[in-house]
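Line order of the protein sequences matches chains A and B. Heads up: the first sequence begins at 58 in our numbering, then just goes up one per residue. Heads up: the second sequence begins at 18 in our numbering, then just goes up one per residue.
Derived EDC-like pairs (lysine to aspartate or glutamate); straight-line CA-CA distance at most 20 Å: (1) A:203 - A:152; (2) A:242 - B:40; (3) A:242 - B:100; (4) A:237 - A:223; (5) A:203 - A:156; (6) A:273 - A:220; (7) A:242 - B:21; (8) A:242 - B:34; (9) A:242 - B:313; (10) A:273 - A:138; (11) A:59 - A:138; (12) A:237 - A:257; (13) B:338 - B:360; (14) A:59 - A:270; (15) A:273 - A:260.
Hints were generated in silico from the structure; no laboratory data involved.
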Amino acid sequence: MKAVLFGATRGMGRSIARILAQRGERIHLLGIGPEDLERSARDLEVLGAPSPVEWTEIDLLDASGFAPALDAADQALGGFDTVVMTAALFGRQEDLEDDTERAARLLTANFTNTVLFCEEVRRRLLARGGGRLCVFSSVAGDRGRKPVILYGATKGGLSRYLEGLDHKFHAQGLRVLCVKPGFVKTGMTAGLRPPPFAGEPDDVARRVVRALDRGKALIYVPPPWRYMMLIIRHLPRFVMRRIGF
Amino acid sequence: MVQEISGWGRVIRVAAEERVSEDLALITRDAVLTRGLGRSYGDASLPPASGLVVANSRLANRLLAFDASTGELTVEAGVSLHDINRVFLPRGWASPVSPGTQFVTVGGMVAADVHGKNHHREGSFGRHVRWLRLRLASGQIAECTPDEEAGLFWATVGGMGLTGHILEVRFAMERIPSPWIWQEVRQIASLETMLTQLREEGVRWPFTVAWVDLLARGSLFGRSVLICGRWADVSEARHPFRPVTRRRRVPVDVPEFVLNPALMRLYNAGHHRTCRGSRGVVHPETFFYPLDTLADWNRMYGKRGFIQYQCVIPASQPVSKVLEFFDLVRSLPLPVYLCVFKDFGAPGDGLISFPAPGFTVAMDLPNRPPHTQVAVDRLNEFVLSVGGRVYLAKDAHTRPEHFRAMEPRLAAFNEARRRWDPEGRLRSALSVRLMGDRP
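Construct the complete structure from the given sequences, taking the supplied hints into account.
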């Protein structure tokens, strides 16, 4: 595997990168913060990724940088076959409602630019006969819910896009994996109270890597969230209006 | 977000704002203390009970460099020993010191200057630390080694996180012939024999420890199991080596009547019987961390939690004094469910490190106020009378007057702290209780 990881300096992305490194996979990092990227690169090398692990700076809010960054990664790895996209912005609904600018940033980053990044990846992978694209969506996109209206909307749109990609390009060798994490105890959710079935990043990462290996198209992590969301998706509107979930 | 946090014994609980992030340097800026995986038993990892900010290092878990020629490993302070074992045991490297659980962070191992089954040979963890990077109370980042800024270095080793936030650590790993352990186990009928054999076997074996049954009645009281081990040779090693991945969980707080002396007496008798002399190759995780196979085993003790009492009885004391200690334990108002015994080698080099030459005893007791305090007081009075001391990473009930009498080194430690933290910003519930810090 020659993997490009966008957003792997932190959270679940970091856990996935570390698992791949321990398997000895070749890795190229994309993300922000040169010092952080450098430290993660060294970490992955110590863990077993072939040296040197290189990185390219890329900002999710600046779509013009996507193509050059992917070209750089492609060159460094000698043609990548796997891309894992975990980068995203998060904001609590209360904070986003009164801050149009912040809301606009989140909507752009999590939907428009994430899709544009995937489009760049898709073109490159299809040109070489296929490959794997793993993107982190969220259970927040499964139903319009009070605490995550804006964030959930971006993830709902993203899930639909990934579904479509899978339908159209599966036959051409593109394996699209849409990951829908429930609550996972990462730095992103550090200020929130963990609900039941909250997951650990390392455990989630193991399941994601397994799904990636098996060429699955959709995975809920931790697994109980699949059934929780099944129920939530079928709750009638008058219930959704009343509950705070 | 303010939430209740506690040590592993779950006896002392504090409402605190705990910040957790991959960026440890950021979250330590306005924290009074950094904690890791929360495996200290009492209040060492808790902020004073006034809603202060405590940083959590567990997401700062990157390995920054490994030099295979020297064995020196540089890590972020939140890396767990579990992670290190996963990566390095199969490659023929081990941590020079392993405490009784691998779910501890390296930062915590430095702060508590932890010891293991090889203490009689290798000393405590601090001896193997080569370099530290800290965030001081002033906000500055400082680096120290045993040679440069040695004062800060040795105040931090064993300093319970009170001299600065530990951000990064470099320490020397040990080269091992295989990841497996050759173990020999034998039953011992009496405490006296256990004491002499523990010392004798320490000459031959790098790892030794004794499990002692303090629930058995009559002449069986104090029957022991002596466990000795060494890294297995390549020829003895089993293949393939796989880390333990299945861990059973304790899903709820077990009701208190379940874990009772009668049941534990039965368990101990069974355990003693199964250890009737065996030898062979065992997995390092079962050898070093037998309790880790049951995640959250602390919930077995029920809602009120438990205490672990650990002290050292100096080598200068005659064996009769050690036996006197066990007589005292027998008369306590609380049952001792688990007791582990070990001989210490050289003292820890940290300014206030726990280990000292002699015997150390660690005992698990259920928390039953007001008996808990009574039991700890009586044990401490004995320890004080023999010139011993208690392990701060376990402590929750020691009185400040007892602690001051046990610790002639406290003044020097507090002086070192004032030098790096004149305003007394860094503090924990433990330092407020025992060292006279403001709450």
